[in-house]
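One-letter residues, chain by chain:
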Amino acid sequence: MRPSAARVIVTHAALIAATLVTLYPVLWVVRTALSPGGGLSLSASPVPREATLDNFADVVGTTGAGGEWLFGRQLLNSIVVASAATLVGLVLSATAAYAFSRFRFPGREGGMRFLLVTQMFPGVVMAIPLYILLDRLGLLDSLTGLVLVYATTTLPFCIWMLKGWFDTLPREIEEAALIDGASRRVYFVRIVLPLSRPALVVTGLFSFMSAWNEFILASTFLGREEVFTLPVLLHRYVGAQHTDWPRFAAGAIIVSIPIMALFLALQRHLVGGLTAGSVKG
Amino acid sequence: MTCPLPLASCLLPFVFCLLPFESRADELVLWHAYIGGEEEALAEWSRGYAAENAGTTIRLLRVPSEAMTQKLASAVPRGHGPDIFIWAHEQVGAWADAGLLRPMPAEVERAAAGIHLRGTVNPLVYRGALWGLPLAFKSVALFRNTDLAATPPQTTDEMIGVAAGLTDHAAGRFGLAYEAGAFYYQAAWLHGFGGGVRNPDGTLGVSSIQNARALAFAADLVARGIVPADADGALVAELFTTGRAAMAIQGPWFLPAARRSGVPYAISPLPEVLATGLPARPFLTVEAAFVSARARLPEAALAAAADLAGPTSARLRALRGGQPVTARAAWNDPSVAADQDLAAFRAQLARSVPMPNEPRMRALWEPAAGALRAVLRGDVDAGTALQEADRRFRIFTRPAPPASDPLPYAAALGIAMLAGAAMLARRARRVRLLPRMRASRHAYLYLLPAGLGVVVLLTVPFVVGAAVSLTAHRGGEFSFVGLRNFVEILASRDFGLTEPENFYRTLGVTVLWTVLNVGLHLAIGVALALLLKDPWLRLRGIYRVLLILPWAVPNYITALIWKGMFHRQLGAVNAVLGWFGVEPVGWFDRFSTAFAANLATNVWLGFPFMMVVTLGALQAIPRDIEEAAAIDGAGPWMRFRRLTLPAILPALAPATVLGCVWTFNMFNVIYLVSGGNPEGRTEILISQAYRWAFSRQEQYGYAAAYAVLIFGILLAFDLAARRWTAREAAGT
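Protein chains in written order, with the numbering used here: chain A, 1 to 281; chain B, 1 to 732.
Hints are computed from structural coordinates only; laboratory data are not their basis. There could be a bad hint or two in this list.
Said to hold, decoys possible - Here are the simulated SDA-like pairs of lysine to any residue, each with C-alpha atoms no more than 20 Å apart in a straight line:
id, chain 1, residue 1, chain 2, residue 2
1, B, Lys-533, A, Phe-263
2, B, Lys-533, A, Val-8
3, B, Lys-533, B, Ser-404
4, B, Lys-533, B, Gln-619
5, B, Lys-533, A, Ser-4
6, B, Lys-533, A, Leu-264
7, B, Lys-533, B, Asp-624
8, B, Lys-533, A, Val-10
9, B, Lys-533, A, Thr-22
10, B, Lys-533, B, Ile-631
11, B, Lys-533, B, Phe-640
12, B, Lys-533, B, Trp-637
13, B, Lys-533, A, His-12
14, B, Lys-533, B, Ile-621
15, B, Lys-533, A, Pro-3
16, B, Lys-533, A, Pro-198
17, B, Lys-533, A, His-269
18, B, Lys-533, A, Pro-258
19, B, Lys-533, A, Gln-267
20, B, Lys-533, B, Pro-646
21, B, Lys-533, B, Leu-549
22, B, Lys-533, B, Arg-642
23, B, Lys-533, A, Arg-268
24, B, Lys-533, B, Met-638
25, B, Lys-533, B, Arg-391
26, B, Lys-533, A, Ile-16
27, B, Lys-533, A, Ala-17
28, B, Lys-533, B, Leu-522
Starting from the given sequences, assemble the full structure and let the hints guide the process.
Written out as structure tokens, the structure reads:
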């Protein structure tokens, strides 16, 4: 069915308007990052008066007290932490979601509900107990501890999403495979997981993003510059009395670029994967 | 299988990063929050110190200033803190009470007065002991653009005369710019009018005639348009460095930006208040090196701190870091003595008032700032506002309730647990739980890793944190008070129903916040998804990615950007409204507009999630059905009601519940955009809890009780939502 010309125009006009409103604050970050001064320039136009890449160079060129290239080190840390947290999170949530989707066992309903309940814990009271806990486990000041914390905080959401997806996979394939003598493990690894690529991509992206952007726990738990992650580096520009806006904005863009690149690369899966599954609840 | 050697070498750096670090025994760890020149000077000192003292190395760690106090409070008592740390003196009382600091030995204390400038050692004395060694002093002073204001004003009237003459709103220029809404900056006028933050009996408080006159004076500056209203540090810097402020009240932290801007400037002490003949005296902050109570090598740490505070390091910090240093000897250096900027701050030092260092001071900022803003807006007269501030300050600093006997609680808990276990056991036998569980051990195996993670790293910290709600915390000590905190919050005796700290009022704001947000997220998300769904649409992928962007950029950054966009003078929102002839709106002056600003920010942040959820669900509707419906003559609205909505509802329902839970606890937006303004009226429950935990005397117990109540409310909401959906499902 071909839409009328008027409908095409109206749709595009509405979408362009929505996109402009959405992009405006983002453009404004770009403008601040390109501005040479030390202050925050506030005006309606997102086009910079004069542009410089110095702020980006300063952020990327951050070095430590000993002259080592801190930015590179912290970028590596961020990549390691976010990837490891995503990997751990996906493995744990996929297995758990599979169990919730395919097995009937005592505590199944309760378990699913409990996962939602964990999302209601206000974080404000959890930071200090978590610190003590990691200390007892000997995981303080190491990226391993951070990986575990990040992986578990996104677990409930990931399990919900993946369980919804698994529910939509036709059971006939499963029954056929099991009758053919495949073990459940083989079936899960060889059939369920490949079929779930869109959902895994989206939940993985969600985990990656949460870990990549997190600042408060990282700055509390880590005690060495060599283990800091990028958001901690970024926050050095926020001072007690004075914020270095241009560098903060430049840092914000640098931190966001990998996420946007991932979004762009994975956008095909993004829409299908997040919720096609949860249609069946 | 062949060994994937390239893969292994790829993974090596990963493994390397994840290994725990061993701290070297002979190494001193120093935490600081310096950046730029100050950080460079510190690094140079540490290298020089290590070279001179063989065997001692100093490892610097730059901690983000927002994270510093909490990080110290977590790390020091558990032995993971630094040996030395640098911070402002206003924390001395709290830290000394909490046992984080090692007091300076008597001989160091005696020597300090001779080494450092007058007035820079005393702020570090608390309960009769010296707790740190001063490094630098910071206070505000008057910056002048010498092209506009050639001579320093001697009196406030002279200053106002010059400023009024140079104010030109058409050119966007102000005579004087400073953070008028920040109590820290206004303190100078308070002292100039003979007031301050102490009552005649020495206790803290702001209610006095002198302070009322000072606030009226400050409000007049704003009312006459000489000083910009709701200016933050960034706006003041922007105005001055672009020549749009003839004068500015700023501190040494502004020097690098002022120098870089190329605006010709000079600094002088703040003028005398003509009405009293007293100089306007700003608050003085002394930055000091503290030795941790848990320092691994206390002697070496003390020696290093003393060297850092000494003249050689001070000269370096003054020249490289542009710091107004406390060591007298450094000022004899010709290059330091020649620095006009530093000299001006030294002159201001003699006319400054050290910020009180007792822990209660930190609970005064919030009520005092509230009074200040109310007066600046002209809502209330200064005297009444200050009395109100004192009343709130007294409530915030009330003593802990008397300790309760934990025994009855423990007994009740024990009985409840036994009863629960007995009930569970009976039920288990009835439904043959154990055999069924044994039969599904496969399932538990799959669940085990995730379950372990959720229980250990999410549930245990929450339960421990929630247990704190049965205690009261004051000055580093917890006492068991039973359900006292809950009773106090729920009975809400201290705060009337119209007051921002009232629990029920905050709950109302939170519910309104959640309902409006989630409603708008759904409306906008679904509308955009419907626009985006048709395959004939060109550039679909581009729109989709651009519209998801708010989700990708960290929200603590975009929230700050939105705050800037709502700025009264220079924000984009008022600029756009100006095209339609709307007068500039002070967004954070009224509850309704401040709430709207928070709402706009969070709607922007949250609609992409709902859009993506809806887009996914829409794919499940077969196209031919929809086309058939269209051919059958069903209108667009009918098709949406009968066809689309039922198809996306199952996906939207869980997303909505999750959205409600997330929005209910959306701390970042409230904290960063409105900051609770006006006067805490836009605070939601979670940000209120945060205030009790961190800016009102660290009442962790009270804050934890808030958190438990939040949890309870959400749980009740979830139960109600389930009932409702179950009934709906049964009804259809």
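Measure nothing beyond the straight line between the CA atoms of Lys-533 of chain B and Leu-549 of chain B; if it is 20 Å or shorter, mark the hint as holding. 18 Å, holds
Agreement of Lys-533 of chain B and Gln-267 of chain A with the hint, judged by alpha carbon distance not exceeding 20 Å: Holds. Lys-533 of chain B to Gln-267 of chain A sits at ~14 Å (cutoff 20 Å).
Need the status of pair Lys-533 of chain B, Ile-621 of chain B: alpha-carbon distance at most 20 Å? 11 Å, holds
Measure nothing beyond the straight line between the CA atoms of Lys-533 of chain B and Met-638 of chain B; if it is 20 Å or shorter, mark the hint as holding. Holds, because 18 Å separates the two Cα atoms, which is no more than 20 Å.
Please verify whether Lys-533 of chain B and Ala-17 of chain A have alpha carbons no more than 20 Å apart. 17 Å, holds
For the pair supplied as a hint, Lys-533 of chain B and Ile-16 of chain A, confirm whether the alpha-carbon distance does not exceed 20 Å. 15 Å, holds
For the pair we were handed, Lys-533 of chain B and His-12 of chain A, check the Cα-Cα distance against 20 Å. 12 Å, holds
Hinted pair Lys-533 of chain B and Phe-263 of chain A, Cα distance within 20 Å: Distance of about 19 Å is within 20 Å: holds.
Hinted pair Lys-533 of chain B and Pro-646 of chain B, Cα distance within 20 Å: 16 Å, holds
Quick one, are Lys-533 of chain B and Arg-391 of chain B close enough, alpha carbons at most 20 Å? Not OK: Lys-533 of chain B and Arg-391 of chain B at ~57 Å, beyond 20 Å, violated.
Hinted pair Lys-533 of chain B and Phe-640 of chain B, Cα distance within 20 Å: Roughly 13 Å between the alpha carbons, so the hint for Lys-533 of chain B and Phe-640 of chain B holds.
Can the restraint linking Lys-533 of chain B and Pro-258 of chain A be considered satisfied, given a maximum Cα separation of 20 Å? 27 Å, violated
In this structure, the earlier hints numbered 3, 18 and 25 are contradicted, and the remaining ones agree with it.
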